[in-house]
Amino acid sequence: MKQLIKFLCSGSIATLVDYGLFLIVFIHFFPPVISHILSFSCGWVVNFSIQRKYVFKSKKKINATIRLGILFSSLGLLFSSGILYGLNLFPFFLNRQYLSKLIVTGILTIYNFFTTRYIFTYVKK
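Count the sequence shown with our numbering and you get residues 50 to 174, in order.
The reader is advised that the hints may include incorrect statements.
Listed next, with one range per pair, are the computed distances between beta-carbon atoms [claimed, not checked]: (1) L151 <-> S90: 27 to 35 Å; (2) L138 <-> I111: 36 to 44 Å; (3) K102 <-> P80: 31 to 39 Å; (4) G135 <-> K51: 33 to 41 Å; (5) F79 <-> F128: 17 to 25 Å; (6) F141 <-> I119: 16 to 24 Å; (7) Y103 <-> Y134: 28 to 36 Å; (8) I111 <-> I76: 20 to 28 Å; (9) Q52 <-> L151: 38 to 46 Å; (10) S123 <-> K51: 40 to 48 Å; (11) F141 <-> F79: 19 to 27 Å; (12) G155 <-> P80: 18 to 26 Å.
To be clear, the hints were calculated from the coordinates, so they are not data collected in a lab.
Just so you know, even glycine gets a beta-carbon here, dropped at the ideal spot from N, CA and C.
Working from the sequences, and respecting the hints, build out all of it.
Structure, rendered in structure tokens:
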């Protein structure tokens with residue numbers, strides 16, 4: 050339970066980075082999916098760094114964990130980009146990007162917990 054709470058706290062920090070950056074980039078520079086890709090990537094770096102050091106306290110070599118982290122996050126990015134793109138096919142969501150991003154973030158939270166736990170807990174040294 051303690052690990053889950055730490056995971057949620059670190060995930061909240063990364064989500065604030067992701068969500069805040071998404072809104073800034075979307076409002077000023079790029080369409081939703083490109084904004085999502087950029088903000089997701091920055092949020093991932095923050096999340097990976099915090100979770101490696103404080104949540105799962107991994108002593109494993111960074112090479113194995115970073116490779117798996119990139120793999121699982123790339124899959125999550127493809128999945129979430131597809132969901133965001135699909136939501137934007139509906140006029141209701143087209144004008145409510147903040148809501149679309151919130152839905153995508155909620156869906157990915159469960160995926161991220163299990164994949165991150167696997168990366169830091171079960172990967173051999």
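- Of the numbered hints stated previously, which ones are contradicted by the structure, given in increasing order? Hints 1, 6, 8, 9, 10 contradicted; others consistent.
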